[in-house]
Every structure is written in structure tokens, then in C-alpha cells.
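Q: Heads up: the protein sequence lines correspond to chains A and B, in order. Sequential numbering of the first sequence, starting at 1, is according to our numbering. Sequential numbering of the second sequence, starting at 1, is according to our numbering.
Warning: the hint list may mix true and false statements.
[Stated by the list, open to error] With a straight-line cut-off of 25 Å between C-alpha atoms, the simulated DMTMM-like cross-links for lysine to aspartate or glutamate are:
# : chain 1 : residue 1 : chain 2 : residue 2
1 : A       : K14       : A       : E83
2 : A       : K57       : B       : E5
3 : B       : K101      : A       : E101
Since the hints were derived computationally from the structure, they do not count as laboratory data. Note that the structure is predicted; figures quoted are calculated from it, not measured.
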Amino acid sequence: DTGVSQDPRHKITKRGQNVTFRCDPISEHNRLYWYRQTLGQGPEFLTYFQNEAQLEKSRLLSDRFSAERPKGSFSTLEIQRTEQGDSAMYLCASSQIAAGEQYFGPGTRLTVT
Amino acid sequence: TQLLEQSPQFLSIQEGENLTVYCNSSSVFSSLQWYRQEPGEGPVLLVTVVTGGEVKKLKRLTFQFGDARKDSSLHITAAQPGDTGLYLCAGDGAGGTSYGKLTFGQGTILTVHP
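Extracted from the complex, chain A is given alone in its bound form (with noise of 0.2 Å):
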């Protein structure tokens, strides 16, 4: 039984430049979740989708985020023209179910130089 995984694990870019992570969710796992973790904070809600439907998204999200999940099963978070303000950990968690339990994964640390 695998868990959440999530690549690249870590990610060096310089501002201007666009970057994608992907997010493999344990598999059968309806819900799948993007949050960002800035250091000394606790992740915050970026996005969510039930399968292939993304139903929200935080203020968060400027319009240089998008997210897709074309299938209902791995997800790509792309970042457009990246400012160092978005250097962060990128989370990806899954859940079987609205309410159910969340597992995470093991993140992608973004460093915008």
C-alpha cells in the first residue's frame, strides 16, 4: 500500500521561470489537496478536487496557480512566472472521502532564487 507521493521533492528555479509538481494520491482516494507551508507556519489551503472537478480555491491562488487533475488521479500544480515570495513547501494530501482523514505527502520544496 503506497502512500501520497509527490515530485520533485525539491525544486531550485529563478524568478521568472515556471515550475510543475506533480501529486500521486493513494490510489481509490476521491479527494485530492494542494497546500503551502511557508517555514515556522502550519500548511495552508490552496486548492481541492473531488476526481477530476476542482470545487475550490483560496484567495490564495493568484492567477499565475493552476492546478488540474485531467484524470481523477495524479494532479500537477504549475506556477507561472515565479516570484521568490512563492518559495515554499508545496503539499499534496489525498482522502478517501469529503470528511475522511487526510495523508500527506512528502512535499516539494520550492526555492526561487
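Assemble the complex: chain A is given as a structure, and chain B must be docked to it using the hints.
A: For chain B alone, coordinates are given in the frame of chain A:
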């Protein structure tokens, strides 16, 4: 404004001591989850509490959910160096928001010295 306030933010204790971490809010939650996170890794789920007044035990860890479902506590007995980490509480369904959108506290960094 932090919806979930955790205290203390930092805790440094000796092996064998007991400790309690608090998670407080003015909002009612449908459930509350506790996680432990190590540097460079994602949070690992410890427990979920759902019913007001509920108490759950996980070996040396005791979790309580307040009667009004607005607050929670985590008590560790006889702490060990392996308990070192960031402890996070996260509430679900606050004030009628959609389920699954977890609201996290800022975390408590626990260091247990041998």
C-alpha cells in the same frame, strides 16, 4: 487572524517529562486532526477526534476534543527524544465551511533532550 491558535509555539524539555500542547479557536469544528511533522517531510496523521468531549489514547499520547468542539489538547507522558518534531492541529468544517478544507494552527516545535 489565526483561526486556530496553538500554544506553546516552542517547547524544550528533558526526556521523561510530561507536556501538553493546546489548540484553541472561537470556531466550532466538525472534526480536528493532529499531525506530527519532521523537517523536510510532510505531516503524518496521528489522530482524528470528532465527538465533543472525546478522549483518544495512542500509547503515551492522549488527545482531547473540547465539549464545544472548539479546542483540543495533546498530552505526552514521559517524553522521549523520538517525540521531537513539529506538532500541528488542523480543524475541518469550521463555521460551516466545506469539509476537507483543513485549517491548521501554526504548530508547536517540541524538542526532547536525552
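Q: None of the hints should be skipped; say for each whether it holds.
A: Do the hints match the structure? See the list:
no.	hint	verdict
1	A/K14 <-> A/E83	8 Å, holds
2	A/K57 <-> B/E5	23 Å, holds
3	B/K101 <-> A/E101	11 Å, holds
Hint violations for this structure: none, all hints satisfied.
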